[in-house]
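Q: Turn these sequences into a full structure, and let the hints steer you where they fit.
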Amino acid sequence: MKNRLNYITLLVISTVLIATSCYKDEEVNKPIKEVPLSDDVLDQYVQENFIDPYGVAVRFKYVDRYVDQTKRVTPPRREVVIPMLDFLTSLWVEPFIEAENGDRFFRDHVPAEVIFIGSSIYNDDGTITLGTADAGARITLTEVNDIDLNNKQWIIRQLGTIYHEFAHIMHQRYNLPPNWQQISPNGYTSSGSWYNLSDSEALQRGFVSPYGTSSYNEDFAELVAFLLFDANFFDTYINDKTCAPGTVCAAENAGRALLRRKYNAVLSHYKQNTGVDLLEVRALIQQKLQ
Amino acid sequence: MKKYILQFGFLLLVLVSCKDDEQRIFDKPADERSAEAIAELKSELTRPPFGWKIKYQPENETGSYWVLLKFENNNEVRIQSDLPQNDGEFFDQTITYRIDSSLGLELIFESYSFFSYLFEQEQATLLAEYEFNYASKTPNNELVFVSKTDPAPRTTILFQEASEADVALLGQAISPNLQKFPSSCRLSYNSRNAAVYFSLDHLRRVAAFNWVSLKSDEAVGQAVNVLTGYYLRGDSIVFEQPLDVTFNGARVYIKSLLLTTIEETPVNICPEPSTAPIYNGLTSLNEGIRIETSLYDNAGAAFRTTADIYAAPVDYMFNENGMSMGAQVRSDIVGADWFLVYNNSGGLNAMGFLVENPDGSTAIVVKEYTATYDGNVIEFTFADDVTIFRPLDPRTNVANVQNYLDLITAGGKTYAYRVNQYFFQLYNPCSGWRYYVQIIQ
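In the order they appear, the protein sequences are chains A and B. So the first sequence is numbered by the working numbering: it starts at 2 and just counts up by one. So the second sequence is numbered by the working numbering: it starts at 7 and just counts up by one.
With a cut-off of at most 25 Å between alpha-carbon atoms, the simulated SDA-like pairs for lysine to any residue come out as follows:
| no. | chain 1 | residue 1 | chain 2 | residue 2 |
| --- | --- | --- | --- | --- |
| 1 | B | 373 | B | 413 |
| 2 | A | 62 | B | 150 |
| 3 | A | 153 | B | 333 |
| 4 | A | 62 | B | 157 |
| 5 | B | 154 | A | 65 |
| 6 | B | 48 | A | 79 |
| 7 | A | 72 | B | 129 |
| 8 | B | 154 | A | 69 |
| 9 | B | 76 | A | 43 |
| 10 | B | 186 | B | 92 |
| 11 | A | 62 | B | 107 |
| 12 | A | 72 | B | 128 |
Quick caveat, the hints were computed from the structure, so don't treat them as lab data.
A: Rendered as structure tokens:
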């Protein structure tokens with residue numbers, strides 16, 4: 002027995018020696034690499050207006066890993082970068098930080114990266130994609146080369162993407178509002194089929210858009226986005242219309258009843274968790290959009 | 007005994023395990039080697055005092071562009087070309103570039119430029135590129151790059167050291183003038199009775215010679231079929247493949263055309279009087295010529311018989327300034343995806359749009375027509391009412407369909423041109439609009 006113990010002891014010691022004997026004395030306190038400041042005026046503008054105050058890196062120089070490799074896009078024009086940054090400042094940053102409790106909320110929740118893409122996203126099948134969903138970790142804005150602050154459609158498309166992606170952060174941090182999944186449980190569509198719905202059909206189901214029916218999270222993000230950018234939000238989605246029974250109009254009113262519950266849940270969720278009143282943010286945005 | 011052998015074995019392992027027998031394959035860490043490789047390529051790119059010249063061919067089936075590139079240490083690159091689009095924006099542009107190290111060294115033009123403009127054309131299917139993989143350096147100190155984004159075979163681009171005089175390669179003076187020749191061209195010899203008909207695809211830089219005739223009578227001629235890439239060199243158009251035929255007992259040979267003076271002449275083919283350009287010049291055999299716009303295109307006459315259906319995305323509809331009007335069409339006729347021409351397809355003659363409804367289903371909204379043909383000239387007469395096949399979303403503004411039919415038939419005549427084996431172009435000289443349509447087999 003004693004011999005057996007000696008043998009096991011020797012075996013353990015040998016194994017430990019073998020396992021540790023090849024580690025060199027490595028230096029773990031290596032100096033952090035210094036990244037020289039860019040001479041590029043656009044880099045400096047991003048640094049001063051987004052990285053330094055909010056920690057947001059705005060990527061305007063093309064890097065292919067930011068885009069699905071099966072898609073084709075073009076880089077932004079240099080001359081649109083500052084107007085785009087100012088557009089973001091005016092209609093995204095300022096409305097949030099000017100609202101009560103909004104400054105802290107924005108700094109704590111803003112995604113680390115915003116990507117500018119010059120063109121639409123061209124797909125292999127000849128179609129184009131206008132925006133991308135990065136689940137709140139990153140906001141990718143397409144068609145920035147088409148910036149036209151007199152083009153309402155372009156503005157709404159950009160704001161829809163920004164507010165939608167920014168809303169994803171909320172449910173990632175604080176989950177969805179209580180009982181969110183129970184408000185319109187039968188309205189959600191099966192995977193990849195949301196685009197078969199019309200706007201009216203989505204409304205009848207209690208959603209602001211067909212895309213909102215694709216999941217609980219997208220439903221939440223779409224509602225927040227529409228609430229912020231859509232000047233006609235209340236008339237379209239909240240306030241009932243006078244309808245004859247059995248009509249499409251009446252079915253849409255049924256959807257509006259569901260949307261009122263979601264709307265109240267969203268407002269309450271933001272207020273309770275962050276102290277931000279989304280209606281105040283909406284008012285600031287709409288004031289700028291007038 | 008067995009136990010002692012095992013113990014000895016472990017002891018031996020302990021003793022040998024500390025031997026430092028690592029063999030470094032590289033003498034420097036990967037980061038350092040990568041940085042050195044990047045610096046070395048950057049040093050090469052910035053070395054020539056007048057930069058580099060490339061004869062850039064986006065893909066095998068297109069012509070080429072001379073491009074001058076002057077790389078600077080501050081990561082800026084000056085790009086000069088003779089692409090006249092966007093009011094000469096790409097004649098002289100400075101953007102930033104980057105050299106990355108991934109599987110190899112990559113050169114990326116990281117802002118919108120000449121390269122990304124071409125990349126984006128035709129729904130990003132032109133196969134141009136703005137990301138290049140560095141391949142090698144030739145014995146003549148030329149740099150070889152290969153497209154990073156092309157499907158195989160990938161375009162190879164040769165960077166040749168430029169001289170101060172190479173700026174004369176750029177056809178910046180003639181390229182905007184050539185844009186004024188929007189359709190088929192007629193080249194006539196000053197000193198003999200011969201004329202050549204050809205078309206130019208300004209973006210792809212492809213020329214199609216299709217007819218040689220008497221200057222005095224276009225009907226007395228012979229068909230030719232030369233499809234060739236071309237490029238501009240100073241004040242000349244140079245064809246990769248020359249036109250070389252015998253007509254009326256004399257050789258007609260055109261390898262290049264030196265364009266000297268341009269003038270405008272009045273034309274009266276539309277209700278509103280207008281002018282058309284005339285370019286004077288010399289062929290490569292030093293024969294005096296003049297080039298004028300021509301609505302005649304021998305190959306275009308085949309539009310009548312080539313296909314029962316022609317179709318193309320609405321992005322292939324261009325206005326008088328050469329701008330794609332796809333977005334405008336979609337705005338005016340919500341859901342309009344494709345422009346369609348039914349050419350006696352099952353007895354149907356009709357023109358209009360394929361429209362996608364909000365629920366994803368599709369409908370066809372057309373106006374039926376009767377047509378008379380004279381060569382490549384078509385006169386359409388449309389029915390009063392729109393014809394709709396399959397259920398259409400009632401919110402679709404079908405009244406706007408007529409607006410786009412009017413634009414391609416303004417003044418009463420539409421002209422068909424053969425672009426290549428896949429496409430025809432319908433052109434209206436009065437509106438200046440043109441619709442490219444693909445042959446549907």
